[in-house]
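Using the sequences plus the hints, can you model the full thing?
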Amino acid sequence: MKHRIISIRIVAVREINRMTSRSLYFLVVLAFPLLSILFFSSLMKQGVPTRMPVGIVDLDQTATSRKIARNIDVTPISKVTMNLQSENEAMSQLRTGNIYGFVIIPENLQADLLASRQPVIGYYYQNGFLIAGGLMQNDLTLILHTLSGGINIQKREALGQSKEFILSQVQPIQLNTHLLFNPVSNYSIYITSIILPIMLQIFILLMTVYSIGIEIKERTSHEWLHAADKSIFIALTGKLLPYTILFFTVMMFQNFMLYKLMQIPMHTSIGWLIFISFIFVLTYQAIGVFCIGLLPMMRHSLNLSAFYGILALTLCGFSFPVESMPPVFQYWAAGFPVRHYMHIFQSQILAGFGFRYAYFSYICLLLFLLLPLAIIRRLKSALIYQNFIENKHKT
Amino acid sequence: MKNINPGLTSQIREGFGQMLQIWVREFRLIFSDVGVMILIFAVPLIYPVLYSFIYYPEVVRDLPVAVVDLSNSHDSRKFIRDLNATPELNVLCQPNSMEEAITLFKKRKIRGIVQIPETFSNDIALKKQTTISAYADMEFFLYYKALVTGVSFVTLETGYQIQVRNLIQEGMTGQQAETIAEPLRLVDNPMANPSGGFASYGIPAALILIIQQTLIIAIGIMAGTARERHASGNLVHPNRKRMGTLRLVSGKAAAYFTIYALLCVYMLGLIPKWFGYARLADFVELMALITPFLLSGIFFGMTLSAIFKSRESSMMLYLFSSIPLLFLSGIIWPLSNFNPLWLMVREIFPSSNAMFGYIKMNSLGASIFETRKEIMSLWIQTGVYFLTACLVCGYQAHIPKVLRNNTAQ
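These protein sequence lines are chains A and B, in that order.
Read in my numbering, the first sequence has 130 at position 130, and its numbers run on one by one without any break.
Read in my numbering, the second sequence has 278 at position 278, and its numbers run on one by one without any break.
Treat each hint with caution, since some may be false.
[Claimed, not checked] Here are the simulated EDC-like cross-link-like pairs (lysine to aspartate or glutamate), alpha carbons at most 16 Å apart as the crow flies: (1) LYS309(B) with ASP229(A); (2) LYS128(B) with ASP229(A); (3) LYS155(A) with GLU157(B); (4) LYS373(B) with GLU347(B); (5) LYS67(A) with GLU107(A); (6) LYS78(B) with GLU157(B); (7) LYS127(B) with ASP73(A); (8) LYS109(B) with GLU164(A); (9) LYS155(A) with GLU100(B); (10) LYS107(B) with GLU323(A); (11) LYS155(A) with GLU170(B).
[As the list claims (entries may be wrong)] Incomplete in silico selection of chain B near chain A, CB under 10 Å: (12) ILE30; (13) ASP33; (14) LYS145; (15) LEU156; (16) ILE168; (17) LEU186; (18) PHE198; (19) GLN213; (20) PRO272; (21) TRP274; (22) LEU326; (23) TRP342; (24) MET344; (25) THR371.
[Claimed, not checked] Just some of the chain A residues that point at chain B, by a computed CB distance under 7 Å: (26) MET52; (27) SER148; (28) ILE153; (29) HIS226; (30) SER324.
No lab work stands behind these hints: they were computed from the structure.
Ideal Cβ placement from N, Cα and C applies to all residues, glycine included.
As structure tokens, this is what we get:
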């Protein structure tokens, strides 16, 4: 046992020496992951987009129409940046991207309202951008409905109805929307908390494949195996251990950013957080080992892990829910640890539901740790026979 | 003058011939490399189709929700039927209490809860305001959106009907009642992606990003491989030292440009056609945007290849940028809310303006003039990166001479 630990240490020290010999290691293990954390946590710092530019086409030019423009301007979501002369001009500004939406106030609006002629107000918004479009729609609909309700109230007051009665009549059914588990509808929490693990899994996958693949490519795998007493388990453990520690540290820093600095609610103990982060790193290292074992020629296993790593963004189902995808992809999605991680995050960390609602996801994650066993012999023979060296024909 | 002219033309002809040679040579190198072939053919061919199938349903339909009906009356049952009739919602069950509903929610059997109060029917009869509570799952933005859209629609509709009914009971005509209940008619016009479909939203941007990323990584792999093969570790083959930098850069660029121009026909022409994405831009408009995009991407890739020392470097050091670049384009987080630093970083990558411009042209029908900002930026990037690519290649071509001179001494 003691002998094994010494061997693992020898391999780990050898790996650390290799890591310090090239800047690539430093960039992929530390610099780029930290840069990504910085990028995503600062990009959406506001939580909800505010003061998005909108235009007004005021063909009425009365007190009422100016009030509408003012009401739109004072909401936190939108800001009137342009007063336009015609629908065509407004549409062109929308197409150019200078405004995210606009409202057309028709001629004779005030007069038509007074005469109960039901004037029409049209509003347009760029729905090609999901978040901006959704917010614009909510904001403009709400403002104009409130305005419509206000006129309704005025008319009823003129009819002599009492204030309380009017309120109950104008809106017979009120809707109270409660947001479960993300009480402030905050996009930053919603996006950053999942996108950062997705970024990290790309780095872990690539780094694992590279650190093993480069031994085959540069024919140093014999030396590596000798250092490990010819045991593939010691060789892999010793080699991957420094990365496990480093990536785990990066992930804990990421957790610190998420739960301390960005104040995402964390309804579980720090112990669970450490455990899940640790499992997350190990899982992706296991998949990395699987990739290089399956395709010991590094160029191909890097392609494979890149393909798989990028696909996680889609198939973890945080943008478009997995349950709404065609059934075949729902099974695919189970093959992405980040999906199980997301479930644990949402259920246990964010909502505080308790372990029994997330245990199945833990089992799935742990199953990935068995993957290397499937290819371990293939990998060992590739290390010994070096039969996957690419031909370097001189050009 | 007469002496100079023939010399100049023959020089141009010679230069052009050498450019063609480099072009053909680069072609041969690309087509003899399986790894690069997979990257620039398999990935652009497969990814768009795969994404299109994954996002094929476009929107969230029939979100499973629970309704806790404490009123249990004719009115509440009608309300539930209306909820079920919306495309967004599917009333999966009607548990007896909120506790039961929350347990179902924890087990992920349902994705939202609607509660109808005990007094619902009485309130309506007594002309009092009543309150419906909706509990939305904010973990998934699209679930939240589906629940809120469905419930708000039914609430507003039912409320409007009650209001008109009450007004008619008070002795108004139907017409009068309607103008009081709805003094303004509001017409909602979502542009670019009227149904808010996810594939229509994400895939056009993804297409542009895939083009740029595979291009840059492929150029990086080629450069890294060349460096590994040549002892001097440089990008340019020492024997080619006589070929000018300009010829080298334009010859290589021409090789990538022809391949990617063909790929664009597939990705930006056939894919949107097959899967029914917006296609408002005509051929000329797309050309005006895509030409500078491809050129700037190629020269950007050649510039970056200065830092890719081995074959694997570009994949290791550049792949991760794909996800941040999606956010930098401004299609997820609105540009008006970017801080100045990220707006500057945004301008480094050709994909930012190309994605934005492509969506404007194809989904909103923006003209070339309305896309001028993006097109201009792409041409500026083309110019700048062409110069940096020349610098990189020129510097690399210069090294072997220095090395040789040193060893000669």
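Hint-by-hint comparison with the structure:
Annotation: proposed proximity of LYS309(B) to ASP229(A) is violated, straight-line Cα distance about 32 Å (limit 16 Å). With a CA separation close to 82 Å, the supplied pair LYS128(B) and ASP229(A) exceeds the 16 Å bound. Restraint check: the Cα-Cα separation between LYS155(A) and GLU157(B) comes to about 21 Å, which exceeds 16 Å; the hinted pair is violated. The suggested pairing of LYS373(B) with GLU347(B) holds, with an alpha-carbon distance near 12 Å, which does not exceed 16 Å.
The straight-line distance between the Cα atoms of LYS67(A) and GLU107(A) is roughly 15 Å, inside the 16 Å bound, and the hint therefore holds. Of the pairs offered as hints, the one joining LYS78(B) and GLU157(B) holds, with about 12 Å between alpha carbons and a cut-off of 16 Å not exceeded. Restraint check: the Cα-Cα separation between LYS127(B) and ASP73(A) comes to about 35 Å, which exceeds 16 Å; the hinted pair is violated. A C-alpha spacing of about 41 Å is found between LYS109(B) and GLU164(A), which places the hinted pair above 16 Å, so the restraint is violated.
With a C-alpha separation of about 44 Å, the suggested pair LYS155(A) and GLU100(B) falls outside the 16 Å cut-off, and the hint is violated. Among the hinted pairs, LYS107(B) with GLU323(A) is consistent with the structure: their alpha-carbon atoms are about 14 Å apart, no more than 16 Å. At most 16 Å may separate the alpha-carbon atoms for a hinted pair to count; LYS155(A) and GLU170(B) meet this at roughly 15 Å. Here the hint on ILE30(B) is broken, as its CB sits about 12 Å from the closest CB of chain A, past 10 Å.
Nearest Cβ of chain A to the Cβ of ASP33(B): about 9 Å, under the 10 Å cut. The hint holds. With 10 Å as the threshold, the beta carbon of LYS145(B) comes within range of chain A, its nearest partner Cβ sitting at about 6 Å, so the hint holds. Annotation: LEU156(B) was flagged as interfacial toward chain A, and the flag holds, the nearest CB pair being 8 Å apart, inside 10 Å. At about 13 Å, the closest approach between the beta carbon of ILE168(B) and any beta carbon in chain A exceeds 10 Å, and the interface hint on this residue is violated.
For LEU186(B), the suggested interface contact is upheld, since its CB lies about 5 Å from the closest CB of chain A, less than 10 Å. Hint status for PHE198(B) relative to chain A: holds, with the closest Cβ pair at about 5 Å, below 10 Å. Annotation: interface hint on GLN213(B) holds; nearest CB of chain A at approximately 9 Å, less than 10 Å. For the restraint placing PRO272(B) at the interface with chain A, the shortest Cβ-Cβ distance is roughly 14 Å, beyond the 10 Å limit, so the hint is violated.
About 16 Å separates the beta-carbon of TRP274(B) from the nearest beta-carbon of chain A, more than 10 Å, and the hint is not met. Taking 10 Å as the C-beta contact cut-off toward chain A, the hint placing LEU326(B) at the interface holds, the least distance being around 8 Å. With a cut of 10 Å, the hint placing TRP342(B) at the interface with chain A holds, because the nearest CB-to-CB distance is about 6 Å. Residue-level restraint check for MET344(B) is violated (minimum Cβ-Cβ distance to chain A is 13 Å; threshold 10 Å).
A least Cβ separation of about 8 Å between THR371(B) and chain A falls short of the 10 Å threshold, and the interface hint therefore holds. Because the smallest distance between the Cβ of MET52(A) and any Cβ of chain B comes to about 5 Å, under 7 Å, the interface hint for this residue holds. With a cut of 7 Å, the hint placing SER148(A) at the interface with chain B holds, because the nearest CB-to-CB distance is about 4 Å. At a threshold of 7 Å, the smallest CB-CB gap from ILE153(A) to chain B is about 10 Å, leaving the interface hint violated.
Look at HIS226(A): its Cβ only gets to about 24 Å from chain B, farther than 7 Å, so that hint breaks. Because the smallest distance between the Cβ of SER324(A) and any Cβ of chain B comes to about 5 Å, under 7 Å, the interface hint for this residue holds.
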